[in-house]
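With the hints as a guide, bring both chains together as one complex.
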Amino acid sequence: GAVVSQHPSWVICKSGTSVKIECRSLDFQATTMFWYRQFPKQSLMLMATSNEGSKATYEQGVEKDKFLINHASLTLSTLTVTSAHPEDSSFYICSATRLAEGTDTQYFGPGTRLTVL
Amino acid sequence: AQSVSQHNHHVILSEAASLELGCNYSYGGTVNLFWYVQYPGQHLQLLLKYFSGDPLVKGIKGFEAEFIKSKFSFNLRKPSVQWSDTAEYFCAVTPMDSSYKLIFGSGTRLLVRP
Numbered sequence: 001g002a003v004v005s006q007h008p009s010w011v012i013c014k015s016g017t018s019v020k021i022e023c024r025s026l027d028f029q030a031t032t033m034f035w036y037r038q039f040p041k042q043s044l045m046l047m048a049t050s051n052e053g054s055k056a057t058y059e060q061g062v063e064k065d066k067f068l069i070n071h072a073s074l075t076l077s078t079l080t081v082t083s084a085h086p087e088d089s090s091f092y093i094c095s096a097t098r099l100a101e102g103t104d105t106q107y108f109g110p111g112t113r114l115t116v117l
Numbered sequence: 001a002q003s004v005s006q007h008n009h010h011v012i013l014s015e016a017a018s019l020e021l022g023c024n025y026s027y028g029g030t031v032n033l034f035w036y037v038q039y040p041g042q043h044l045q046l047l048l049k050y051f052s053g054d055p056l057v058k059g060i061k062g063f064e065a066e067f068i069k070s071k072f073s074f075n076l077r078k079p080s081v082q083w084s085d086t087a088e089y090f091c092a093v094t095p096m097d098s099s100y101k102l103i104f105g106s107g108t109r110l111l112v113r114p
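As given, the protein sequences belong to chains A and Z, one line each in that order. Sequential numbering from 1 applies to the first sequence in this note's numbering. Sequential numbering from 1 applies to the second sequence in this note's numbering.
Just chain Z, same shape as in the assembly (with noise of 0.2 Å):
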């Protein structure tokens, strides 16, 4: 069966301390890949995703991820977090022949202390 696997799933960092969050995914095909943020108390946003074309994908608040296909990974960084990135991060892929339907990993809580 298709899934999506974060591999942390609390991460405690200080403010101004690199970010990286692990993403891999399960299945043969071609997918695109999302990352989504929900902060406390708040819906649901979508911070990147990939298509197609490079796979170093810029998203919003500084964040990016990279695409490696043959390690099926969509890894989330940011090189320098704010408090204000405190959230739970959501990976998720959409197998191309699934009619759009997203498969979310577990998620991680991000904690930046000040």
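The following block holds chain A by itself, in its conformation from the complex (with noise of 0.2 Å):
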């Protein structure tokens, strides 16, 4: 159980056009969710955290404008990168604490690799 996935996979776009990620929790209730932005060969930085039903609380230095996260439902929070350009391309990856399970253990989903040209 705990099976975090994202969509899509990877995307490529032209500089200037939106770019809309999902992650969804697809075998339990998520109480949170989290999206991270990995730099090649570096660690998982936090972006934003949010909640379903409330705004998302974004970490220092994250525009708040141009990542816009949605969420939605229990199971599903979105993240979208606004007016994209090429240092937006990154790994974004997001994860899901288990609503059931009461404790801050993260399950992360398998990441979204953008390319913005």
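Simulated from the structure, these hints should not be mistaken for lab results. Here the structure is a predicted model, which is why all the values come from computation and not from measurement. Ideal Cβ placement from N, Cα and C applies to all residues, glycine included. None of the hints are false.
From the structure, some residues in chain Z lie toward chain A, with a derived Cβ separation under 8 Å:
id, residue
1, LEU44
2, LEU46
3, LYS49
4, PHE90
5, LYS101
In silico lysine to any residue, SDA-like type, Cα no more than 25 Å apart, as pairs:
id, chain 1, residue 1, chain 2, residue 2
6, Z, LYS61, A, SER5
7, Z, LYS101, A, LEU74
8, A, LYS41, Z, SER73
9, A, LYS64, A, ARG37
10, A, LYS41, Z, ARG113
11, A, LYS55, Z, PRO95
12, Z, LYS101, A, GLU63
13, Z, LYS49, A, VAL3
14, Z, LYS58, A, GLY1
15, Z, LYS101, A, GLN6
16, Z, LYS101, A, ALA2
17, Z, LYS101, A, PHE91
18, Z, LYS101, A, ASN70
19, A, LYS41, Z, VAL11
20, Z, LYS101, A, VAL3
21, A, LYS41, Z, LYS49
22, A, LYS41, Z, ASN24
23, A, LYS20, Z, HIS43
24, Z, LYS49, A, MET45
25, A, LYS41, Z, LYS101
26, Z, LYS101, A, THR80
27, Z, LYS101, A, SER73
28, Z, LYS101, Z, GLU88
29, Z, LYS101, A, PHE39
Set out below in structure tokens:
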């Protein structure tokens, strides 16, 4: 159990366009979902934390108007990269904590590789 | 600021060798501690975690980690590595007052030679 999926697994887009990435908890209800960014050969950097039905909490330095997060249900969160630029190219990973578990163990999705041309 | 340090960025071992990966964190309060593994081309998977109790934690695939509070450390160990352990290993902590926010170390790339 505790499977998290992301869609798409990779996407290439033109500069200036917007890209939406979905994160779903497939077999559990997620209390909280997290969005991370991973640069090549570097660690994961937390971008934002989202709870169903409320506004996301962004980490310092992350532009909330550029990285729009919508947490529509206990199983779905979306990250939209608006007006993407080449510097937004990265690996975006989501994770979720399980409502029933009541702990802060995070289950990670497989990631989405975004390339902005 | 809270941080997690992994001192070994790259480790190369032969099969059957013993492994110890260092992890230190900077935070004075109570923390939860995790080791995650990322196999090539795969997503992060939880190896083991420590919340409370016995500071020696056993995880999957023969891994264990020891929490030493006085040293702010949570080192990962395996007595005999296998080629299939080739992966990147991340130490992470959640300060108890941080609403479940994980702070990751920079990761250690382990290469096990057959």
